[in-house]
Amino acid sequence: MNSFELARPTTLAEAAQMLAEKPAETAALAGGQDLLALLKDDVLAPSRLVNLKGLPGLGSIEVDRQGALVLGALVSLDAVASSPLVQKGWAVVAAAAAAAATPQIRNIGTVGGNLCQQPRCWYYRAAELHCARKGGEACLAVVGDHSLHSIFGEVGCLAPNMSALANPGTCLGGSLRLHGPQGARTVSLVDFYAPLKQSLATATALRPGEFVTHLVLPAATGWATAHEEVRARQSSDWPLAMATAALRLTGGNVTAARLTLGALAPLPWVADAEVAVLQGKRPTLALCEQAAAVVVGKAAPLPLNEYKVTITRHLVRRVLARAAGLGEG
Amino acid sequence: MAAVASGVGQRVPRTDSADKVTGRALYSADVFRPGMLHGAVLRSPHAHARIISVDASRAVALPGVHAVVTRDSLAADVALIVEEEAHAARRVLDLLAAEKVRYEGEKIALVAAETRELAEQAVALIEVVYEPLPALIDVAAAMLPGAPLIHDEQTVATLDDGQVLHNIAGQMHRTNGDLAAGWAAADRVFEDTYTIPRAHQTYLEPQVAVAEVDPQGRVTVWTSTQGHFAIQSNISKSLRLPLGDINVIGMTIGGGFGGKFGGVVDTYAVLLAQASGRPVKLVYSRHDEFLDGRPAPGLRITIKTGVTHDGRITARECWAYWDVGVGSGASWATGRIKGVYDIPAIALHAFEVHTNKPAPGAYRAPGAPQVTFASEAQLDSIAAALGIDPVELRLRNLPDDKPQVAFRRTLLAAAEQVDWAHRTAGPDEGWGVAIGEWTNGAGPAAAVVSLAPDGGAQLFYGLMDLTGTDTACAQIVAEVLDLPYERVRVTRGDTDSAPYGTGSGGSVALFSFGNAVRDAAQAAREQLLELAAAHFSDQAQAVTVADLETVDQQVRLRANPDKAASFAELATLALRQGGPVVGEGRFSPKPSAPTISAQIAKVHVDRGTGQVTLLEFAHALDVGRAISPVSCEGQMEGGAVQGLGWGLMEEMLYDPQTGRNLNPDLLDYRVPTSLDVPPQQTVLVEEPTTHGPFGAKGIGEPPIAPGIAALSNAIAAAVGVRLEHPPFTPERVWRALQGLDPGPART
Ligand SMILES: Cc1cc2nc3c(=O)[nH]c(=O)nc-3n(C[C@H](O)[C@H](O)[C@H](O)COP(=O)(O)OP(=O)(O)OC[C@H]3O[C@@H](n4cnc5c(N)ncnc54)[C@H](O)[C@@H]3O)c2cc1C
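Residue numbers (this note's numbering), protein chains in the order written: chain A, 69 to 397; chain B, 411 to 1157.
Among these hints, one or two may not hold up.
To be verified - Heads up, incomplete: computed chain A residues facing chain B, CB under 8 Å, no partners named:
id, residue
1, Leu117
2, Ser215
3, Arg301
4, Ser303
5, Leu370
6, Leu372
7, Tyr375
For the record, the hints were derived by calculation from the structure and aren't laboratory data.
The beta carbon of each residue, even a glycine, is placed where N, CA and C say it ideally should be.
Pulled out of the complex, with its shape left as it was, chain A reads as follows:
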């Protein structure tokens, strides 16, 4: 592990300035559940860590005047999972947080760290290997073992986005408040991850010196939601696939449908267009199955992750059925 300096800012402005000085050699530190492992494994070797944990105003769970949920970046996953406020109004977010990692990691891992975690990929995480995500020529998973990798989205890197919060957050139309040397701004979660499509070097919309201060989720009233994950192991593990569905039902008919998939694409995979087949219809299991087939029609699996297509089809059918009140599907 590289030696590093630990900087401890006490104001947002100070943090932004410290992060901006040598952005290529600096990393923000929150709970450290992802970052410290990357340092120990020599995957990242920043010369400075900026500890965000001393910053004021990032530790609370609140509902603002518009009824939106505002989660501070330093709120722990466990606090999100066990908050009655979140459980009541944004149940899928609480469910996703509760399913992530382990009790110990959920006690320490934060909202900001969860959203900004680095890719889970055994090629990316091997210090000696120089994969596309690290500036190398090729994504090694393509010719190697991609059994845990993406089936959607072509960005030149198969490592899927694993963030438990990004998935329901995106589905519910969430956004992030960022703070940087130029002050604060807000970006939607969709835009936050979109830069990956342009360049593997810029995984998120964070500019030099910027960091996440809050995750904001609009009031979900009127939406019927469901979230599910499939895991090879029931704890201490990332999902093989996750899906969040949100349906607006009027007079028994679907008037709006949203679906986001996680662990299946390099960024949260928005499949709203595909589930539009539900639009204006009374949901049935057959219709949910049909929508699921349309969703996975977009998949481009490789030989070892083809199974994820079947998993996804079932998962999508289930979350749509559950959201529509059709039982477990």
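Following the hints, put chain B with the ligand in place on chain A, whose structure we already have.
Leaving out everything else, chain B with the ligand in the frame of chain A:
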């Protein structure tokens, strides 16, 4: 002997629990010696490459570095020699890679420095130029006549039929009975191929050793091992040091499961201590464990079985290809393909195949889970094809129970536990049964039991306690002497002080040491009674030992309970009359009797996601005699979870392109958590064996053997597909449900 509340067969807490849960137990990493340095290892990043050059000059020049050991600085006559008495295995390997590296993580150079960080920094300064070679990870590819040879020309084998195979480390061929007659008697013949990946022992405490060399060259090693005498002998043979110049201190061990018989860190810590003249600590990381531990070998096996219409096995033949990496030794376990069944004719062809992976070692019932999976999964498909109940089919082929042997009783005990005959299953749920067998070995053992002046007992021996054997031995002393087991202090000697004893592997420990401990306690008891007899005798009455009994830590006259002396009084008296009470017990190997572990699993298979959920699990084991029932159940549960883990999620994955280990950590190498395994129903069957202490059999191994097969059989019952390649991950279940093959080799 009166029954002692904490004697043989009683449920008592382990003697080491409190120290472990309060952090007082001292592990090897807790050892700090004055002036101690920290070691680090330069490992190959390539699975297979020629070493063009090694330049350690920058590492040597780094301030704070005290020793750099490379291949060139080793004496010509040293090698890494590891002998496992308990598993009858012997491996001779290069200490450090020479002209080639043959697996990712192979050791190339060693450094000792003031801190671990500095040592690692120095390692990174060593420059090695490699010429990468194609890596072989799959036994089928490695055996092809065109495959590059990982070792030398001697690994080219020509079979009787003229076929040429590459990378063959060893072969074993054996036929028992009249095979032709067996096939002729068969109404149906089944042939199936199974592939079992490598699995790591994943003991909680990684490999660790501290070594110190005194000015006379005498070596002391503190280490985490299953057998400190084995470590002593291995170091002596590897580094050509006189045995008596090495003292090995076995510290508290954080798990071994067969993987801690040495040659991984101990010898290297000694090399660094010799080179630096300072004590050196060498600690493995979890990453090191996966790259350069000694995991269980993988196996590709084809098995052909002939049966009559009513399900009697007439003949069996199998072809086993063991993935022994750069090592050897595994094929002997192929004999388990017979199981405990009556099979009139059987032929084995076993090959040990080199791949670019580390040498394998022992893992709990070495080879048994792999072979048992093949034979018990195939038996299940035979039962289905013949329309015979799987328990019934097994009963038809099991020999009758007799003294010492209770196969049928054990299988029926598991079946009864789940009410097999009336089992019910919902949609996509199924039950599977499998049995695994093991006969424990035995090794030399000795023990000394003495009485302290306070009347408490002291047990001294050279037994490494992995599984609760100290507790069981304290219970034996308590039983014989008629004392509460808390009054028995157990001390493990180092190799300088303790009489020789076998290592704790192969389920030999309690079987062997239990006998020595019982005899030592018995000898002490006799001394005590003789002393008491003399003490109670007077002109009026000559008391003999036969007139005495022990009650409440007292010896008293049967006929006159008021005439009594406490153990403390007698032990104190002994100091003046005849000398302290000391009994000794010795044991040399004697045969045990075979035991089976019968397991029944109920699973649910999600056809959509491929997830297998274990719903129920019952497990019966013939333990001979449960000296410590709590420990027996612990062994059953722990062993079963390891088998189930191998079946559900554990496998060492290798990159098909580079041969690198893809999951060298406990995130991607999944071991089951408490959420993945339901509570187990354990049934202890007790059919005593003649030479076991109080009838006990060695029971550590068998619980791991049948789990993979029980799972695969349950999955087949649930969804009608047979999985031939564990672990049964969502991906493999999906492939099977689609009717696809298990996919390319990755293990
Ligand atoms: C065994 C295991 C299982 C796991 N399973 C799951 C799972 O199922 N689902 C899941 O979603 N996650 C899972 N995780 C990941 C875990 O949830 C995250 O590691 C954790 O939430 C990270 O939070 P942290 O505060 O510790 O982040 P850190 O490790 O401190 O930071 C992670 C990354 O985010 C950056 N960062 C942190 N905070 C900010 C901020 N406010 N602004 C900008 N950048 C920031 C850091 O620079 C770093 O790159 C698992 C992790 C482990 C070890």
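Tell me if the interface restraint on Arg301(A) is satisfied: Cβ within less than 8 Å of some Cβ in chain B. Holds. Min distance 5 Å.
If you take the shortest Cβ to Cβ gap from Leu370(A) to chain B, is it below 8 Å? Violated, about 12 Å.
Minimum beta-carbon distance criterion (8 Å), Ser303(A) to chain B: 4 Å, holds
Does the CB of Leu372(A) sit less than 8 Å away from some CB of chain B? The hint holds - Leu372(A) has a Cβ within 8 Å of chain B, the shortest such distance being about 6 Å.
Does the nearest C-beta of chain B fall within a distance shorter than 8 Å of the C-beta of Leu117(A)? 17 Å, violated
Holds or violated: is there a CB of chain B closer than 8 Å to the CB of Ser215(A)? Nearest chain B Cβ about 6 Å off; hint holds.
Interface restraint verdict for Tyr375(A) against chain B (beta-carbon cut-off 8 Å): 4 Å, holds
Violated hints, in rising order: 1, 5; the structure is consistent with all others.
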